Structures are given as structure tokens and as C-alpha cells.
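When you get a sec, could you build the whole thing from the sequences and use the hints?
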Amino acid sequence: MRYILKPLTRQIASLVHEAIQNAQQTGELPPVEIPDIEVKPPRKAEQGDYGASVALAMAKSVGKPPLEVANIIAKHMNKPDFISAIEVAPPGFINVRFSEDWIRSLVTILITSGETFGKLDIGTGKRAQVEFLSANPTGPITIGRSRGAILGDAIARVLEETGYDVEREYYFNNAGAQMRNLGESLRIRYLQALGQQVDIPDIEKFYQGEYLIDYAKELIAEKGDALKDADWQPFKEYAEKRMFEWIKETCQRIGIHHDVFFNENTLYDTGAVWKVLEKLQERGYIYAAVTREGETDAEIIAKSADLKPAQWFRSTQFGDDEDRVLVKSNGEPTYTLPDIAYHVNKIERGFDLLVNILGADHFTQAQVVRMGVQALGYDPKPIRVVHVQMVSVVRDGKPFKGSTRRGIFDTLDELIDLTSADAIRYFLLHRSPDSHLKFDINVAVSQSNDNPVYYIQYAHVRCSGILREAGARGVTIDGADLSLLGTDELNFLRKCLEFLDVMQTASENLTPHTIAFYALELANAFHPMYDRVRAFADGIDPNLQKARLAFYTATKAMFKRVLTVLGMTTPERM
RNA sequence: GGGCAUGUAGCUCAGUGGAUUAGAGCGUUUGGCUACGGACCAAAAAGUCGGGAGUUCGAAUCUCUCCAUGCUCACCA
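The first sequence lines up with residues 1 to 574 when you count with my numbering.
Mixed in with the good hints, there may be bad ones.
As the list claims (entries may be wrong) - Each computed DSS-like pair below joins lysine-lysine, with the alpha-carbon atoms no more than 25 Å apart: (1) K79 with K6; (2) K279 with K308; (3) K40 with K6; (4) K328 with K308; (5) K381 with K279; (6) K495 with K6; (7) K6 with K126; (8) K64 with K40; (9) K119 with K560; (10) K217 with K205; (11) K205 with K328; (12) K241 with K223; (13) K228 with K205; (14) K495 with K560; (15) K60 with K75; (16) K79 with K495; (17) K40 with K75; (18) K241 with K228; (19) K275 with K308; (20) K381 with K275; (21) K40 with K79; (22) K241 with K205; (23) K119 with K495; (24) K75 with K6; (25) K248 with K217.
What the hints assert, rightly or not - FRET-style restraints, in silico, Cβ to Cβ: (26) H362 with A289: 20 to 28 Å; (27) T476 with E348: 53 to 61 Å; (28) E38 with R532: 29 to 37 Å; (29) D81 with F536: 32 to 40 Å.
Because the hints were derived from the structure by calculation, they are not lab data.
In this text the structure is predicted, and so the values were computed from the model without any measurement.
Here a beta-carbon is modelled for each residue, glycine too, at the ideal position from N, C-alpha and C.
The following block contains the structure:
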């Protein structure tokens, strides 16, 4: 059995909307435009479960006092089963109270189908693609990278839960100068491992990571000195293979996977890159020049005098500050051209929603790509780019900067070793992507109260403990009378109902951090209640005990649900 | 200088125009353990929501301006 409950704020908003329409039909309200209806929990619990302020917003256009408008709307509102009362409060709020029996019935829903609680149908029948991580295989995943990785995976999960058919994609380039440097670096390590004295030619381009020394040894074990006269290419291939193995292994450790690995090269193999340029040319958005059109600065022109013409994209026609180069004067495309081709490819694959997780430093790039897509006549609307701000890693109160090339490891792998996948997932998720994230290694490592992860998981553990005890005592929840549940339990169940709205908001706004926050709030509602609502207190009435055990069965399902959506584990004991 | 963000309690941060009193966690102070696991609970102190002006019935939220911080403004990827 699968229940699909709809988010309650939206249900109430549509009830209010219908009521206004009804009142307009009877002439009690003039046919003014109906504003967006915001439904929120009131500040004080006595004021009801949810309230709408629309009467205040409409009062002016309607020409009546807000209180009167609220009364008219309330009079026309339908009252479905889950609502026990609709009240009007000054200065013009419409407050809704839930039926307590209906709230109690949530216990049954959570017990029988907790694993689908909060599943919504807003994306049903739609295909979404989430592209994230997309790191070139030049090194292991760093902590900086992992923020986007976790966010991308979390967004993918939320979209799945809200009905979308989701594909996770990893876009990479294994052909650039960086990869060549990586191969060359491994070649040098290989020769060194064979006992040759090889100087490092260009320290800036050399990858100093110690893992390359290990790979060099592996290569010797595998092939001996057969590669001693080879150029960088076989080394690059070997390094790439090992890097991808490493990246995928790290992903797996933290619960991330990708369905599709898309190599930028295929855009060249199929000619897509040049087709894009051609089409842009046909549409008149390309010009060949040494400098930007309109750039008359003598110094710039003088500097560019020895350059051959490049191919420029008239992105200024789409609001850009300046035109961008798509093909360099040496005939090679810039990164932008294949990137536009890639987005065209994605759009042509027929997705309804294309989410792309990028660092904030790629903002301009993403804008230009969007303009390119537009210039080609595609609707860029399905493309939604989420930019994550930087992660600054702090250890012992000091900034901890890493560089893949130097081989200083602030790797995600190492951090998983030090803490846990759960802690990392939570820490990287519980901040808005817009905010700079300070990742304190000491806090992440600590297994103390600083760490909200434990607080949340401990709620699940406590429920498990109660149910274990019930099992040991042979008490079942069959025939539990839910009407015995009291205010504490009802308030907790009210909090559970908010999950529906949280999921909808997270899905629509692509903001899974609100779920992480919600999980903490839920735990925060749980623990104080747990102290008061005891199942095995001395002399407890057996019927009340049954009801409370049913309640804790539901509560456990709720915590399991929210932790699962966040990609975290649900320990039985800690 | 332009663009995109950020600035809210001692710290880390939520807060998609609403309710005389702006929230959470941590930290601090005080109190509570025969315990379904105390990795807990109860209570308290703590804020001119960066400054200023404006918009309206009402602003942390919208507009303008100033200040501070981060990222970015390549024929790099």
C-alpha cells in the first residue's frame, strides 16, 4: 500500500484560493487578481497549525478591512477531513487547525509505508539529469570538490523522491594539457623507480602526489622496464585508469554513483563541436577577428598584432559584458565551445530538467554557455545551474589548503577515514550552497555533541532500543488504540507532517540543505519528548504502552526515512 | 572598476513580505541521573538582522546607496 500525501501548505493554499474564487462568484469579493497565497505555521501554537495572510495582502485592492476579507474567505472555504477548524484572527489571518484523529492516523501511515512517506508526484513523467562532480581524472577527489559531489547526489535523490526519472552524469575531459602533464609526471616517476636519475623539468606542471610513485611501482611489477623508452601516452592511460578507479571507489564509500560517464571527446568524434560553430555562424553570431569588436584600445591591438584571427561569439547580443572566443587563433577551440555542444547534446537527449552543479568560480562560464544554447535557438529554461561557494578547510584553527599537483592531501578519502561518510554527508549538506562553508576537520572528526549527526542518528537508535525492549518483553502493537496518544506525541507527529512541505520545497528549489536542517529539527523535537513519553515506566497502563510503542514504531520509520533521503545510515545501536 | 554571492546571538549558521517577543545547534551559566543507552533533559543569559535612506498596512526579507569579505571578469580548463 502506498500513500501519497500532499504537502499541507499547498493543500491549504488551494483551499483558500478556491474560497476566494467562490466569494468572487457570489459577488462578496470583487474580481481582483488573487495574489500568491502563503501558508505558514503561526508563531504561536495556540493560533492553529497553519495560517494564511492573504486577506491582509488583498485588503487594499478589495477595498475592505482585512478582517472582513478574512471572514468572507473563511466562510467560503471547504473543510476536508483533515481540518477540524478554520478560524479568523486579527488583523486578518485565516488559521487552520488539523483534526487530531487525522494527525494520529499518521502513525499507521508511517508504520505501513514509512519508506514512501514524502514521495511526491511533482516530477512524475518527467526526466531529469543531474550532472555533478565532473572532475577530470588528474587526481583524487578533494574536500573542495566533495561539496558539489554531495550536493549533486542529494539533489538527485530529492528529485527521485519527488517523482522524477533521474540520471546522474559525470562529464570529463581526458585529452587536455593537464592529462598530458599527469602522464609525463608518471613517466618520470617510472624512470626514477627504475633507478634512473631524472630531473623534474617543470615543477609547476609536475604532479607531485605520492600516489604516482606507487603507480610507477605497479607498472614495473606489471611490465618491467618495457616502457622505458615510451613517451607520456601509455603513462597517461595508466594514470587515468587508476585515477578513475580511485574516484569511483571514493564515491562508492560515500554513497555516490553515476549512471553515465560522458567523455568530452565524443563531442569531437561525432563532429558535434564543429557543428555548433557552424550553426552559430549561420545565425550570424560568429566573427573572425584579432580582438573583440569595438575594442579600439591601441595597446590591446598592438599586443594582438602578431595573432591570427580567432572566432568570436557575439554573446553581447544576449546581455554578456563582452564577446567570447570560441576558437583560438591556433585553431583549437576554447573550453566554451565543447561545453555549449555538450549542453546541446543534453537538451537533445530529451530531459525536462537539466541540473548542473558547479563551483561559484564557473558562474561566468555557465552564463556564456546558456547564451550559446539560446543563440542556437534552444530554450535554455530546463537548464538549472546550482553554484556552490567555496569550502575552506580548517584544521586546528588554521587554514588548510591543498593542491593536487603538490600532492598535499585534503582528499575526501582521507576525511572518510578520519570521520564517517555520514558525518561528511551531513556537514557538507547542512549549509545553503550560497554560503561559504567552513569545514573544520577537528569538529568533523570529533564524536561529541558538536556533531549534529550523532544527535539525529541517536533518535533512531533510541527508537530501536525501545522496540528491542518491547520484543524482549513480548509486547506487540497489534490493536493499539491511537486515541490514547497525548499532546507530546501529537506535536511530534505535526513535525513529521512538515516533511511533505520540506520535500516539495527542496525539490522545487533544488535545496536539499533544508532537509538536513529539518532532520535536526525533528531530532530536536524528539529527544525532549522521549524523556516524557515513556513506554516502560512503572505501572504504565498496557493499552497506553501499546499505543506508545506504535508511536515509536512510526517515529523510527520517520527517522529512517529522513536519514535515507539524506543518504545517511540508520544505526540500530551506536 | 563590472558581475555573482555573503554579512543575523560568543562561534557555526537557518529564515521563499506577515502575528506586540527575530530562530536552531554548539558554547556559556544554573539545575536534574536506580538509566526502554545520559551521545540526555529542564531553565537562563545572549541580537541596533553590516551602516544609512526609501517602497507599504507591515521589511532580516523588496529598491537605492555606502562599508566589509569571498569568487570572478583569459585566445585556461
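Structure-inconsistent hints, enumerated in ascending order: none
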